[in-house]
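Q: Put together the whole structure using the sequences plus the hints.
From first to last, the protein sequence lines are chains A and B. Residue numbering for the first sequence follows the working numbering, beginning at 1 and increasing consecutively. Residue numbering for the second sequence follows the working numbering, beginning at 1001 and increasing consecutively.
Treat the hints with caution; some may be incorrect.
To give an idea of the chain B side of the interface with chain A (calculated C-beta under 7 Å), a few residues [said to hold, decoys possible]:
#	residue
1	Ala1107
2	Glu1170
3	His1189
Sample of chain A residues lacking proximity to chain B, with all beta carbon distances greater than 12 Å (derived) [what the hints assert, rightly or not]:
#	residue
4	Arg8
5	Leu31
6	Ala119
7	Pro320
Below 30 Å or equal to it, Euclidean Cα-Cα: the simulated DSS-like pairs (lysine-lysine) are [what the hints assert, rightly or not]:
#	chain 1	residue 1	chain 2	residue 2
8	B	Lys1016	B	Lys1079
9	B	Lys1086	B	Lys1004
10	B	Lys1079	A	Lys93
11	B	Lys1137	B	Lys1079
12	B	Lys1191	A	Lys196
13	B	Lys1027	B	Lys1016
14	B	Lys1137	B	Lys1010
15	B	Lys1137	A	Lys93
16	B	Lys1086	B	Lys1010
17	B	Lys1086	A	Lys93
18	B	Lys1137	B	Lys1004
19	A	Lys196	B	Lys1168
20	B	Lys1225	B	Lys1086
21	B	Lys1137	B	Lys1168
22	B	Lys1137	B	Lys1086
Just so you know, these hints were derived from the structure itself, not from any lab. Quick caveat: nothing in here was measured; it's all calculated off a predicted structure. For each residue, glycine too, the CB sits at the ideal point set by N, CA and C.
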Amino acid sequence: MAEKAAIRAEAARLLTLFEGQGASVVETPILQPAETLLDLYGEDIRARAYVTSDPAMGEAMLRPDFTVPVVEMHMAEGAEPARYTYAGEVFRKQEDDPHRTPEYFQVGYEVFDREDPAAADAEVFALFHETLSGLGLRAATGDMGLLMAAVAGLTTTDRRRRALMRHLWRPRRFRVLLDRFAGRTPSPEGREALAKGDPFDGMDAPVIGLRDRAEIEERIAALREDMATPPIPEGEVELLGDLMGLRETLDNVCEHLRDIAVDMPAISDAVERFAARNEALKKRGVDPSEIDFEGSFGRTTLEYYDGFVFGFHADRHDLPPVATGGRYDALTRVLGGGREIPAVGGVIRPEVLLEIRGAGA
Amino acid sequence: MSVKLGVPSKGRLMEKTFDWFADRGVKLSRTGSDREYAGAVEGIEGIELVLLSAGEIPRELAAGRIHLGVTGSDLVREKLALWEEKVVELEPMGFGHADLVIAVPRAWVDVTTIDDLDAVAAAFRRRHGFRLRIATKYHRLIRDYLRAGGVADYQLVDSQGATEGTVKNETAEAIADITSTGETLRANHLKILSGGPVHRSQATLFKSRQADWTPEDRMVLAHLKAMLQIER
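A: Below is the structure:
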């Protein structure tokens, strides 16, 4: 890997470049309150971020990414529309892969704009595409918005749709639930006993803890209702599978998506947004026939991306992606305290960029 | 140079370890005063006994400061990331059995499996505004298990003792702990989730991959393995 000074210089070069696109340079503290990040990402972030404690601020984390503090800053004091850029180190434990560095630079570019999301997506992607041109990288994209629209359109109960939506970012668990809701697998152990009568019959233990008897009864009622729910139609499950399995170039996939939308009208709006983004990409000089689309891209990353997602990879297994990014409208809602704004952005890792440039030279 | 064997320095675990080795012709003993952690090995040449706290043995193995060590299989998995790259399980020793389990209030009649726990965690977070708390000291094992099971919306809260009482005290909604008979769980109105324990632990003889193994050390190890009738 390159020397830290070289990485810092490359980060500064990218920062200046992004600033030249009209972005304001922002700084964020390295020490972040752990509570916000834990609430957002769950226990997994504790396994991946460095947790420390401060006598005044309590539990703190070394910044595992910039997105959260930048969004918080914008929601607190930002004017609209806004473009931000930043450069600095982030810290992630690499327990499962000790060869990867636990502290590395990121240079980011984020756009907060409610006027034209397709244009904002295209702006960010085109900027990264241009910045990383000539390195022989593969650009892959996906669209979590399509998957979310497809799940929201399934013929079933709200409760089942909500359960599936919640696990969209955990593909294995999603599959288990989908198979169950489609009647492909039997219901889990213990459900039969809840079907009728009073499940509390013969229970000699007291109800202890914060979860009270009303909550237990509420869930039993919900499970009973669910047992009487007809399975999700086989055709819809297959279409969802088709959608998640798509692997084509951006221009080809557009036609394919319109075909799927004939049988799955719930995704029509999302498909039109997809088409609008392709047009916006063309206007920015990106040729959709050269960009890959993968139906499930973005499903295994952190769960805040909820629209367009992208990554730039070298054809080397020893290197992480050079750049990643995507749309995170819902995150602004979560951190905005009642307000929200469509937002899209991405980060480049300058040391990976240098490594690839060095290997090619 | 000699092969350093780390064994628990006190209690039943030490006695059982000594018995296990003695049954196989290797006599381990503590020497000097009761308070001095020094030991002797008879029946085989080239092995040095190191008496350590069972909880420190995984770390010493991973650092290569001891060649062999006896500790619980749960402790190795909990304390070492990528444990299989650092140590080899030479032989399960057949004592110190304990299961790491996840337990919830027995009154949760709607909960049988980890699948139910996930659904309850989602509803709990919506209702109470924070993630369902699971009290444990086995953070890595439980986190990996819950991730593999696709459980979301939970948080681990650290509990180094009296973990079974945390639910009643309302500092956690569920617990994950070691149990051998389940008696304490029952007494605290808790039940174990079905689907088998997170880990079935027992005292195990481990070999360090990180220690410096000289040709002489390897011969000593081969001899020891023959005496202990270890095939692998």
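Q: Run the structure past the numbered hints and jot down the numbers of the failing ones, going up.
A: none
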